[in-house]
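A.B. asks: Build the full structure now, drawing on both the sequences and the hints.
Single-letter residue listing:
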Amino acid sequence: MNAFSLYRRMAAASIKAQLRYPGTFALQLIGNFVTTLLSFFGIWSLFQRFGSIAGWDIGAVAVLYGLVNVSFAIAETLGRGFEVFGGEYVKTGSFDRLLLRPRSTLVLLLGHELRLRPIGRFLQGAFVMGAGFWLSPHVSWATVWLLPWAVTGGAAMFLGVLIGQAALCFVTVEGLEVVNVLTYGGVEAGQYPLTMFARWLRRFLTWALPLSAVCYYPALAMLNHPDPLGMPLWFGLLSPGMGFAFLGLMVLCWQRGVAGYVSSGS
Amino acid sequence: MKNAAAIEVHDLRKTYQVRDGGSWRGKTREITALDGISFTVPAGEIAGFIGPNGAGKSTAIKILAGILRPTSGTVRVGNLIPWENRLAHVARIGVVFGQRTQLWWDLSVGEGLALLRDIYSVEPARFLRNRERLADALDLHGIMDQSVRQLSLGQRMRAEIAAALIHDPDVIILDEPTIGLDAPSKLAVRAFVRDLRRERGTTVLLTTHDMHDIEALADRVIVIGHGRILADSPFEALQATTLSERILEADFTGPLPDLLLPEGATETARGSRSVTITFDPQRLPAPVLVAHLSTLPGLGDLRIGRPAIEEIITRFYADHAS
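Quick mapping for you: the protein sequence lines, in order, are chains A and B.
Using the working numbering, the first residue of the first sequence is number 26, and each one after it goes up by one.
Using the working numbering, the first residue of the second sequence is number 310, and each one after it goes up by one.
None of these hints come from the bench; they were simulated from the model.
Quick caveat: nothing in here was measured; it's all calculated off a predicted structure.
From the three backbone atoms N, C-alpha and C, an ideal C-beta is built for every residue, glycine too.
Among the hints, a few may not be true.
[Stated by the list, open to error] Sample of chain B residues lacking proximity to chain A, with all beta carbon distances greater than 10 Å (derived): (1) T410; (2) W413; (3) D415; (4) Q455; (5) D504.
[What the hints assert, rightly or not] 25 Å max Cα-Cα, derived DMTMM-like pairs, lysine to aspartate or glutamate: (6) A:K41 with B:E485; (7) A:K41 with B:D610; (8) A:K116 with B:D415; (9) A:K41 with B:E420; (10) A:K41 with B:E432; (11) A:K116 with B:E485.
C.D. replies: Encoded structure:
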């Protein structure tokens with residue numbers, strides 16, 4: 026059986042396990058939907074009060090918000106195994122058990138769980154994003170392909186963060202809370218236009234953690250909104266690729282981490 | 310009979326770097342877990358691998374399983390170097406870690422086995438045959454649909470063994486397979502391993518703290534201590550020497566009398582009202598010793614047992630030092 030079919034089998038088994046208690050599952054889903062939606066109401070009430078902030082209206086911000094949440098929800102769904110890696114695998118020693126299986130550790134950890142709960146975040150993100158497009162006057166036709174390209178690039182980037190976080194567990198054993206700055210913090214930061222941040226943070230969010238490359242710039246291109254910072258619009262058509270580059274880099278870190286684990290035994 | 314693989318280990322060394330005091334600061338220190346061990350287990354043999362905790366057993370097992378790279382030395386398991394061809398190697402071995410589960414807590418035993426079929430790419434027909442055979446031998450039919458979470462320890466261990474063997478491995482490594490099991494489960498596991506070797510010629514490396522496992526299964530016993538091999542001999546040879554030793558504990562109702570022990574028995578520990586005697590039943594049969602002790606005044610209770618593995622190892626050390 027090839028790696029992809031195996032992943033599908035493991036994912037199906039994980040879904041079955043999650044649906045074993047349907048009542049609990051439904052409540053979790055609703056909870057996820059409501060709590061993530063509440064955070065949008067915070068932003069919405071700001072705009073309600075001030076109309077627009079620094080030249081951005083509510084429509085553009087809703088698109089940014091939706092984009093980052095949808096991307097993150099996909100990464101959360103796929104990358105649960107990496108998220109819990111430190112506590113459930115390294116600390117308990119059960120990573121050894123994965124190494125005893127004749128399969129790539131990446132496939133086995135992706136197959137750890139296909140998490141359904143982030144569907145709540147996904148749906149509310151998609152809902153807010155749809156409203157944002159509806160409120161925006163100059164939506165480009167390129168959105169048809171740019172939106173899925175940006176979402177997959179964003180999902181790849183967040184998955185990369187989760188894999189990088191897991192790779193760090195080879196050094197620190199338990200996951201570092203600090204890395205959540207990049208995941209949950211990234212989601213928070215991605216909801217606001219890049220112009221609102223200090224220059225060093227803008228650079229960091231474009232070239233180190235390519236968050237703006239998968240959210241801000243493609244959103245500008247989709248909304249035909251010129252960049253106040255002067256980046257040409259075509260940059261947003263290409264930049265989601267940086268999310269995949271980031272993922273690739275983190276996969277390399279992961280493989281080095283595994284090799285290091287095998288040689289040190291700890 | 311299937312052509313099983315042999316295990317060859319030559320001059321295997323492993324040192325760990327540990328840091329004293331704090332994780333970042335503090336001096337690094339080297340700990341030698343394996344200090345040059347060599348042994349061979351021919352195809353189809355069951356070798357018992359015994360030693361106290363911290364002797365290097367787990368390190369050796371991890372290296373053999375391909376999940377740890379040694380500092381130096383060579384290992385071949387059926388012509389593969391485990392840590393260099395990890396994926397090919399682990400596809401041919403089965404490992405049971407007594408204290409860790411291979412199965413999925415949330416899935417039933419049957420679902421877990423089916424997932425392992427796909428992980429190991431076992432053909433459907435062979436899978437069904439193996440599953441049937443394992444379920445018969447390990448009495449799993451009743452628990453196939455139960456989730457692993459709900460199993461008792463004995464049931465879980467039997468399911469674990471099935472999980473480790475569903476892909477017909479040539480070599481199996483059993484790390485404390487009977488730890489914590491009730492007596493019937495222990496017997497079932499032992500009988501199963503014996504049959505497996507007889508029918509399939511599987512090579513087995515077994516670590517245990519239970520001398521009964523060794524007695525029931527091992528053709529060969531490798532004793533490891535402080536990272537070195539202290540003894541490597543057929544089971545019968547070990548049984549005739551070190552393992553034959555017995556320990557007798559006697560409690561007295563009053564103060565200890567003069568023991569005047571016969572030839573072949575030595576006093577190894579003494580309390581205010583009890584005494585521990587080590588004896589060799591070939592030189593001094595137990596009934597003779599008991600009869601002798603019965604003549605002493607105030608004898609209350611007697612217990613005869615065998616020394617724990619730890620004590621046997623300590624004895625090996627003493628023998629090697631001299």
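A.B. asks: Looking back at the numbered hints, which does the structure fail to meet, lowest number first?
C.D. replies: Failing hints, ascending: 1, 2, 3, 6 and 7.
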